[in-house]
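Asks: If you want the building blocks of each chain, they are given just below.
Number of protein chains: 2
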Amino acid sequence: MSAPDETLGSLGEGAVLGRIFPRLPDAASALVGPGDDAAVVAAPDGRFVVTTDTLVHGPDFRLAWSSAHQLGWKSAAVNLADVAAMGARPTALVVALVAPAATPVAWLEEFADGLREGCAALAPGCGVVGGDLSVSDTLTVAVTAFGDLEGRAPVLRSGARAGDAVAVCGELGLAGEGIALLFARAVDTGGAPDAVLARALRPEFDRVLDAQLTPSPPVEAGARAALAGATAMLDVSDGLALDARRIAAASGVVLDLDSAAVGSRTALTGGEDHALLATFPADAPLPSGFRRIGTVRAGEAALHVDGRPFDARGGWDPYADWDGGVG
Amino acid sequence: MSAPDETLGSLGEGAVLGRIFPRLPDAASALVGPGDDAAVVAAPDGRFVVTTDTLVHGPDFRLAWSSAHQLGWKSAAVNLADVAAMGARPTALVVALVAPAATPVAWLEEFADGLREGCAALAPGCGVVGGDLSVSDTLTVAVTAFGDLEGRAPVLRSGARAGDAVAVCGELGLAGEGIALLFARAVDTGGAPDAVLARALRPEFDRVLDAQLTPSPPVEAGARAALAGATAMLDVSDGLALDARRIAAASGVVLDLDSAAVGSRTALTGGEDHALLATFPADAPLPSGFRRIGTVRAGEAALHVDGRPFDARGGWDPYADWDGGVG
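Protein sequences appear in the order of chains A and B.
Residue numbering for the first sequence is 153 to 479, as defined by this note's numbering.
Residue numbering for the second sequence is 153 to 479, as defined by this note's numbering.
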C-alpha cells in the first residue's frame with residue numbers, strides 16, 4: 153500500500169503507471185503487453201470480438217457506495233459479459249482511466265487489484281494489455297474488452313426463430329434491487345449518497361449489494377451456449393424486458409416470457425443483471441446453468457409476458473434518467 | 153443537420169445512436185459492426201494491434217478552440233498514429249463518448265463527421281466498429297484503435313542498435329507552437345480560452361493551428377518503415393526529446409540528435425507532433441518521407457544533442473501540468 157498522501161498529481165503519470173502495471177492481470181493472449189505505443193494480441197482464428205463500456209462517476213457509480221476495488225471488479229465484469237454474449241471467450245482488456253489529480257495512488261492500486269481479481273474470477277487468463285491514464289474532474293473508466301470465438305460463428309441478437317426456447321443464465325433483478333435499496337436507504341437528508349449508511353446495510357443485504365457493486369456474470373456460459381447451438385444471445389444489462397425486446401426486434405419475432413419462470417417484477421424491469429439471455433432450438437437440451445423462461449413465437453416483433461404484450465420500459469437511460477447527482 | 157434545440161438529453165441514448173451510426177465510417181475489416189453486444193473484426197494474420205488514447209475537456213482540448221469536427225478528427229488521428237508506430241495498418245476504431253446531457257445532437261453529428269473524414273484522409277478503409285455513449289459533466293472521448301501487422305513483426309521501442317540512423321517522418325514543433333499561440337493570444341483577461349480570439353488568429357497561423365487541432369500524422373509511413381527494416385519506432389506525442397529518451401531507455405543506447413537537422417528548440421520539446429520517430433540500420437536506405445536527424449551510439453541509455461547530454465523534459469504530463477482550466 154502506498155503512503156496515504158501520494159496522489160496522481162504528486163507522483164505524475166509515469167510513476168503512477170510504474171506502480172499500477174505490476175498489479176494488473178497478465179493476459180495469456182498478449183504477444184506485446186503494455187508499455188509500447190500499442191499492444192499486440194493473439195487472435196487465433198483470424199477474428200476478434202471487441203466491445204467497450206464506460207463507467208462514469210455520477211450516473212454509473214458513486215464513490216460513496218463503491219470502493220475502488222469494487223469499481224475495478226465491475227469495470228471488468230460488465231465488459232466480460234458483453235464478450236461472453238457473443239459466444240466468445242474473453243482474452244484481453246484495455247483500460248482508460250480518467251481521474252482527478254487529487255486521487256490517491258492507493259485508490260488506483262485498489263482499483264487495479266479489483267480488475268485483477270475480477271478477471272481471475274470471471275475469465276481466467278484474460279488480462280490487461282494496455283491503457284491510458286488522464287486527468288479530469290469526473291472519474292471515468294472506459295474499458296474495451298476482446299474475445300476469441302475459437303472458430304465458432306458469433307451468436308447475434310438476430311437469430312431467434314419461432315419455436316425456440318428462451319432461456320437465461322445468471323441472476324435477474326438482484327442488481328436492480330441493490331441500486332434501489334441504496335437510493336432508498338443510503339442517502340443523506342439532502343439525497344446525496346452516504347458511505348456510512350451504505351455500510352450499515354451489510355450484512356443483511358449482502359446479496360443484492362454484491363449483485364449491484366461486484367456483479368459476477370456467467371462469463372464462461374457464453375461459449376457453452378454457443379456450443380449448445382444458441383440461435384441468439386445478449387447480455388441483460390438494461391433490464392430483461394428491454395433486452396428481450398432487442399432480441400425480438402433484431403430477429404423479427406415475439407419473445408413470450410412466462411412470468412412464473414422469470415420471478416419478480418424487478419426481474420423483468422431491473423437493470424445491470426449481466427445475465428445471459430439466449431434462445432435455443434426447441435429440441436436442443438439447454439446447456440448447464442440456463443433455465444427456460446419462455447418461448448419464441450412468430451409475429452410482429454414484440455415482447456409478451458404470459459401471452460400478452462408487455463410495454464413497461466424498465467432499464468436505465470443515462471440521458472433520460474440521471475438527475476445530475478454525484479456522491 | 154439536426155434542429156438546434158435537440159440535445160442528447162432530450163433525444164435519449166437510442167435515438168442519438170440512430171442519428172450517429174449513419175455518419176460513422178465503415179470499417180472494411182468489420183465482420184459484425186455496431187449494434188450487437190460486441191463487434192467482430194478480421195485479424196488476418198492471427199494477431200491484432202491495439203491502443204487507446206483519451207481526450208478530456210480541459211487538459212486535452214478546449215471547446216472554445218476546437219470545433220466538434222476538429223475534435224472528431226483529432227480523436228481518430230492520435231490513435232491511428234499509435235497503430236502506425238507499431239508498423240501496422242489501422243483497421244478499426246471503437247469510440248466511447250461521454251458528454252453532458254445538454255450537448256446538442258448537432259455537435260455529435262459534427263464530431264462523427266470529423267471522425268469519418270479523419271479516417272478517410274489518414275487511414276482509408278479504417279472505420280468505427282462499436283462504441284459507447286454515456287453522460288458526464290466533463291466531455292471525454294476514449295478511442296481504442298486496431299491494426300493489422302500483415303504478417304510482419306511489430307516494431308517496438310526496444311530494437312535500436314549502435315550505428316543505426318535516427319530518422320523522423322512528419323512535422324516537429326508545429327503542434328506545440330499552435331498550443332502555445334492559443335494560450336498566449338486566445339484567452340480572455342481571466343485566462344479562459346476564447347473562441348473569438350482563436351478565430352482571429354486565422355488565416356495567419358493556419359499551419360500551426362491545424363497541426364494542433366487537426367493533426368495529420370503520416371499513418372501510412374508506419375508500415376513503410378517496418379518494410380524498410382526499422383529497428384525501433386514510436387509516435388512522437390510527448391515531444392521529441394522525451395520520446396527519443398524512451399527509445400534510448402527501452403533499447404539501452406544513446407540517441408544522439410543533430411540540432412541542425414532537428415530544427416528549432418520547439419521541435420525538440422513541443423508535444424503532440426504525432427510524427428514517427430524511428431531507427432534504421434546504417435546501411436538501409438531511408439523509406440520515403442523519413443529524414444535523418446541523428447545516430448544511435450553505444451553507451452548508457454540517454455538522449456544527446458550534438459554529442460552532449462540533453463536533459464530538458466519537454467512534453468506534457470496531465471497530472472503535473474494541467475492547471476484545472478476548462479474552456
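Keep in mind that the hints were calculated from the coordinates and are not lab data.
Keep in mind that this is a model prediction, so the values were computed, not measured.
Hints may contain errors.
Claimed, not checked - Beta-carbon label-pair distances, calculated as ranges:
#1 A:305 with B:449: 51 to 57 Å
#2 A:340 with B:215: 55 to 61 Å
#3 B:174 with A:453: 53 to 59 Å
#4 B:303 with A:351: 32 to 38 Å
#5 B:313 with A:368: 26 to 32 Å
#6 A:340 with B:174: 44 to 50 Å
#7 A:476 with B:341: 47 to 53 Å
#8 A:164 with B:417: 21 to 27 Å
#9 A:164 with B:336: 50 to 56 Å
Said to hold, decoys possible - Derived list of chain A stretches under chain B, where covered just means 3 residues or more per stretch with a C-beta under 8 Å from a C-beta of chain B:
#10 210–221
#11 237–244
#12 263–275
#13 290–298
#14 321–329
Beta carbons: idealized from backbone N, C-alpha and C, even for Gly.
Asks: Given the hint of 55 to 61 Å, is the C-beta distance from residue 340 (chain A) to residue 215 (chain B) inside that range or not?
Replies: Given a distance of about 34 Å, which is not inside 55 to 61 Å, the answer is violated.
Asks: Lying within 51 to 57 Å: is that true of the beta-carbon distance residue 305 (chain A) to residue 449 (chain B)?
Replies: holds (54 Å)
Asks: I want to verify a distance hint. Is the separation of the beta carbons of residue 164 (chain A) and residue 336 (chain B) within 50 to 56 Å?
Replies: Taking Cβ atoms as reference, residue 164 (chain A) and residue 336 (chain B) lie about 25 Å apart, which means the hint is violated.
Asks: Examine the stretch 263–275 of chain A for residues whose CB is less than 8 Å from any CB of chain B, and state whether their number is three or more.
Replies: Per the Cβ count (0), the hint is violated.
Asks: Could you say whether the range 26 to 32 Å given as a hint is met by the Cβ separation of residue 313 (chain B) and residue 368 (chain A)?
Replies: violated (49 Å)
Asks: Using the C-beta atoms of residue 476 (chain A) and residue 341 (chain B), is the stated range 47 to 53 Å upheld?
Replies: Since the Cβ atoms of residue 476 (chain A) and residue 341 (chain B) sit about 31 Å apart, the hinted range of 47 to 53 Å is violated.
Asks: So is the stretch 210–221 of chain A in contact with chain B by the C-beta rule, three or more residues under 8 Å, or is the coverage claim wrong?
Replies: With 3 residues close enough to chain B, the hint holds.
Asks: Is 53 to 59 Å respected by the C-beta to C-beta distance linking residue 174 (chain B) and residue 453 (chain A)?
Replies: Given about 21 Å between the Cβ atoms, the range is violated.
Asks: Has the hinted range 21 to 27 Å been met by the Cβ atoms of residue 164 (chain A) and residue 417 (chain B)?
Replies: holds (23 Å)
Asks: Please check whether the stretch 237–244 of chain A has three or more residues whose CB lies within less than 8 Å of a CB on chain B.
Replies: holds (count 4)
Asks: Please verify the coverage claim for the stretch 321–329 of chain A: does it have three or more residues whose C-beta sits within 8 Å of some C-beta in chain B?
Replies: Violated: only 0 residues of the stretch 321–329 of chain A have a Cβ under 8 Å from chain B.
Asks: Starting from the hint 32 to 38 Å, judge whether the C-beta atoms of residue 303 (chain B) and residue 351 (chain A) obey it.
Replies: With a Cβ separation near 55 Å, residue 303 (chain B) and residue 351 (chain A) fall outside 32 to 38 Å, so the hint is violated.
Taken one by one, the earlier hints fail for this structure at numbers 2, 3, 4, 5, 7, 9, 12 and 14, listed in ascending order.
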